[in-house]
Amino acid sequence: MKQQYKKLILSVSLLLSATLQAGDFSGNISLEGRYFLDDAAYTGQKAGGLSLSLQPEYKHKWNNDHSVFTFIPFYRWDEKDPERTHGDIRQLDVTMAKGDWEFQAGISKVFWGVTESQHLVDIINQTDAIDGSDGEDKLGQPLFRVSQISDNGALSFYLLPYFRERTFAGTKGRFRSTLPVDTKDVSYESSKEEKHIDYAVRLNHTFDKIDVGLTYFDGTSRTPLFTPDLANGVLKQHYPLLKQVGLDLQYTGEAWLWKLEAVNRETKKENYNAVVGGFEYSFPGIGDSGADLSLLTEYHHDSRGEVINAAFQNDLFLGARVGLNDVEGTEFLAGTFIDLDNQSKIFRVEGSRRIGKGLKLNIEAQTFMDIDKSDPLNSLKKDGFIQVELQKYF
Amino acid sequence: MNKIMINVALPLVISVLTLNAMAETPEAKGLRIAKETDARDVGFGDSTADMMMTLKNRAGQTSTRKLHSKVLEGKGDGDKSLSLFNTPADVKGTSMLTFSHGLKADDQWLYLPALKRVKRINSRNKSGPFMGSEFAFEDLGSQEVEKYKYKYLREEACGKGWKCHVVERIPAYKYSGYSKQIGWTDTKEHRAVKIEFYDRKGSKMKTLVSSGYKQYLGKYWRPSVMSMQNHLTGKSTVLQWTNYKLGTGLSKRDFNKNALKR
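Chains as they are written, first to last, in numbering that gives the first Met the number 0: chain F, 0 to 393; chain G, 0 to 261.
Hints were generated in silico from the structure; no laboratory data involved.
For each residue, glycine too, the CB sits at the ideal point set by N, CA and C.
Among the hints, erroneous ones may be present.
Cross-link-like lysine-lysine pairs, in silico, DSS-like; alpha carbons within 25 Å at most [what the hints assert, rightly or not]: (1) G:Lys218 <-> F:Lys60; (2) G:Lys115 <-> F:Lys391; (3) F:Lys58 <-> G:Lys251; (4) F:Lys356 <-> G:Lys55; (5) G:Lys34 <-> G:Lys179; (6) G:Lys150 <-> G:Lys179; (7) G:Lys260 <-> F:Lys391; (8) G:Lys65 <-> G:Lys179; (9) G:Lys74 <-> F:Lys208; (10) G:Lys162 <-> G:Lys218; (11) G:Lys65 <-> F:Lys356; (12) F:Lys208 <-> G:Lys118; (13) G:Lys193 <-> G:Lys244; (14) G:Lys55 <-> F:Lys391; (15) F:Lys60 <-> G:Lys193; (16) F:Lys208 <-> G:Lys115.
To give an idea of the interface, some chain F residues facing chain G are shown, with a C-beta separation under 10 Å as derived from the structure [what the hints assert, rightly or not]: (17) Asn63; (18) Val67; (19) Glu101; (20) Val113; (21) Ile148; (22) Gly322.
Now the stretches of chain G that chain F is said to cover, found in silico as 3 or more residues with beta-carbon under 8 Å [what the hints assert, rightly or not]: (23) 54-63; (24) 102-115; (25) 120-129.
Throw the hints in and build the complete structure from the sequences for me.
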């Protein structure tokens, strides 16, 4: 972790420690085991192994729940990849609501968007790419937010004073490119580097059955550009400045959900559009069991075509979600991404179930099929895996 | 009996109707009692309470869920409610916001704290179990008058020296898991004492018994125990309500999808 970032966290902690009173302490500790279906593609990469993570949570609410202080540190130890052994402050912030206004300051996570198979609009937080394989794990983002709440929506302004670099697998880790990513020597378009102040605006509103969000982001791109450094055998990261306009839209019918996310992204070098949209159809109460089934279809388009950062340029996602609605809260999600240009496919299954007091079992599996040599997924094709995670909540 | 007349019923009209009870059809009488029950609860403003749910299977094994509930009384529309889950521990911090409407589908948003994501969800699975319990979503939703067609059956003693109206009600909303319900409501204070639920095939499926009624703000009655027995599976669920507070001064800002994250 960078020195300045540590200093920032320390000062925020001191600022907030005054508010610390008897709050609510909880969290979880997880043991994860991974098994890879194929031998590693690159020398140095290890087979599956164990990983242990700890995520305690302290929450204190006061003023009739209008003020909330939250602290969520995170640490993961990984048996095989030293890069995956890492810590983060997921959240350390205060939120205060007063009348139509809401204020937030500290480190936190913000989610924007509606679709299931890809999150295009979501941009505030950096992806903790090494932590999970689905891109849903995020690094805590230092931010200030002011929101004006209206009857059916809100207008929010975000000031993001510090940038977080993406995490990547090390030489020994799976889910990496042919050349591992150099996480030490990183370059930026902005001369202020990670201290460039980014800002963002989001307007969201509900019109009866339609929820719409309009977003604008101006700052350092969360996704780096890569250049191979063959002398050192690494990929160099460069973070350009980016302006992103985003739209997210959902129509909620009784059985149908229609979803759309679209972005326009502009950097010095390129200007492109990307879209993901589709539907979710639910069948309630299968038989008399109380279980429900949803079918999902989402189409992905990226105007850049097949380039390293756009695996989903003309792809279709098909999925099914089953919730048994039983005492154990058993859920399954199975899905496949199909590249309509070159027939590359990803299959993915997720399942979870409570198996005792405070214990939860999560299973995740992913495999790649018919991956085309030109597809950005080509470097991952030997990384099909089965993962079993046991989580103890306290 | 003219339905429009009932819709504009004023207390005076109601008393006249009561005198003319002999002339009322069972349907009109059932509807009148449902409206009266609804009218008794008008004006509570908002309420907060803690709920503990104990699930018991046929073998007697139990598991519990705890949640905090907030309700805002609807003016000219259904109530707004917010449920914040505390246990099971893996769903701690999850919350659900519901804007109920009469026959129109409810608006519902779910907040998933791990992803910090607010998801608008459809409310089609009304007959689905709430948190794996014997309560379906439709059992716990806001009970608006227009959600059912009523038929008065009889008046009978219902324990504690109370007399009850026994009214049959048939869900008028879509996707209900029930063919009918039979409800016992005490004649004096209009407290729901018992409800029998009949499945789509017409078999008696579940019985809900509410007890430990307490009066708040000198007017509004709330049960402290709601016990649901499933006759088909032998499973049961008991809800225990504590820390009931009415008229706490919550506003619509506390029931906004943007406020779910707090």
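The hints, checked one at a time:
{"no.": "1", "hint": "G:Lys218 <-> F:Lys60", "verdict": "violated, 31 Å"}
{"no.": "2", "hint": "G:Lys115 <-> F:Lys391", "verdict": "holds, 21 Å"}
{"no.": "3", "hint": "F:Lys58 <-> G:Lys251", "verdict": "holds, 24 Å"}
{"no.": "4", "hint": "F:Lys356 <-> G:Lys55", "verdict": "holds, 15 Å"}
{"no.": "5", "hint": "G:Lys34 <-> G:Lys179", "verdict": "holds, 18 Å"}
{"no.": "6", "hint": "G:Lys150 <-> G:Lys179", "verdict": "holds, 11 Å"}
{"no.": "7", "hint": "G:Lys260 <-> F:Lys391", "verdict": "holds, 24 Å"}
{"no.": "8", "hint": "G:Lys65 <-> G:Lys179", "verdict": "violated, 29 Å"}
{"no.": "9", "hint": "G:Lys74 <-> F:Lys208", "verdict": "holds, 20 Å"}
{"no.": "10", "hint": "G:Lys162 <-> G:Lys218", "verdict": "holds, 19 Å"}
{"no.": "11", "hint": "G:Lys65 <-> F:Lys356", "verdict": "holds, 14 Å"}
{"no.": "12", "hint": "F:Lys208 <-> G:Lys118", "verdict": "holds, 13 Å"}
{"no.": "13", "hint": "G:Lys193 <-> G:Lys244", "verdict": "holds, 24 Å"}
{"no.": "14", "hint": "G:Lys55 <-> F:Lys391", "verdict": "holds, 23 Å"}
{"no.": "15", "hint": "F:Lys60 <-> G:Lys193", "verdict": "violated, 37 Å"}
{"no.": "16", "hint": "F:Lys208 <-> G:Lys115", "verdict": "holds, 22 Å"}
{"no.": "17", "hint": "Asn63", "verdict": "holds, 8 Å"}
{"no.": "18", "hint": "Val67", "verdict": "holds, 5 Å"}
{"no.": "19", "hint": "Glu101", "verdict": "holds, 7 Å"}
{"no.": "20", "hint": "Val113", "verdict": "holds, 8 Å"}
{"no.": "21", "hint": "Ile148", "verdict": "holds, 5 Å"}
{"no.": "22", "hint": "Gly322", "verdict": "holds, 8 Å"}
{"no.": "23", "hint": "54-63", "verdict": "holds (count 3)"}
{"no.": "24", "hint": "102-115", "verdict": "holds (count 4)"}
{"no.": "25", "hint": "120-129", "verdict": "holds (count 9)"}
In the structure shown, a violation is registered for the earlier hints numbered 1, 8, 15, in ascending order.
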